[in-house]
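Note that full-length UniProt numbering numbers the sequence shown so that position 103 is 103, with each residue one more than the last.
None of these hints come from the bench; they were simulated from the model.
A portion of the hints provided could be inaccurate.
Below 20 Å or equal to it, Euclidean Cα-Cα: the simulated EDC-like pairs (lysine to aspartate or glutamate) are [stated by the list, open to error]: (1) K41 to E22; (2) K78 to D37; (3) K7 to E83; (4) K41 to E16; (5) K78 to E16; (6) K7 to E33; (7) K7 to E30; (8) K78 to E33.
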Amino acid sequence: MSLSIVKSVLPAGVIEIAPRGEIDVDTAYEVREAIADVLAKGRPARIELNMRLVTFIDSVGISAMVAGFQTAEVSGVKLIVTEPSRFVHRQLWVTGLLGLFGAPEPYFAGAATPEVLPGA
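I would like the entire structure built from these sequences, with the hints used as guidance.
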C-alpha cells in the first residue's frame, strides 16, 4: 500500500498533516518532507500529525516522526500526534514515545461520546 498525505489549515494557525496508508522504509521520507515543507512556508502555531488513517508504521516511520518533532522544536513549533490509529498508538506506547507526541488517546472508528448516566 502506498502513502498519501493531506495538509490542512485549522483554526488558530494550526496546520494538520494527515498521512493515509503505511509509513515504512519506502515512505517515511514523505512524512519528514511534509513537516519540513510546512516549516519552510512559515511558523504555524502548532503542527498536528493526524494518524487516524495510518494502518502500519515501522521503526523507520517512527524515526521520521521523531525527526519531524525535532525539526519543529528547533523552529519553535510544537508537533503533536492526534487521533492515532490503534496500531500507531501501540507502536508509540511500546517505544516509549507516546508522551513525546502529547500522549494522544487512540482513535476508535465509530466510537460514540460516552453517555452520562443519571445520578453519576
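Hint by hint, here is what the structure shows:
At roughly 26 Å between alpha-carbon atoms, K41 and E22 are farther apart than 20 Å, so this suggested pair is violated. At roughly 15 Å between alpha-carbon atoms, K78 and D37 fall within 20 Å of each other, so this suggested pair holds. Using a Cα cut-off of 20 Å, the hinted pair K7 and E83 holds, with the two alpha carbons roughly 15 Å apart. About 14 Å separates the Cα atoms of K41 and E16, which keeps this hinted pair within 20 Å; it holds.
With a C-alpha separation of about 12 Å, the suggested pairing of K78 with E16 holds against the 20 Å cut-off. For the proposed pair K7 and E33, the alpha carbon gap of about 12 Å is at most 20 Å, so the pair holds. The hinted pair formed by K7 and E30 meets the criterion: a straight-line CA distance of about 12 Å does not exceed 20 Å. For the proposed pair K78 and E33, the alpha carbon gap of about 17 Å is at most 20 Å, so the pair holds.
Checked against the numbered hints above, the structure breaks only hint 1 and satisfies the rest.
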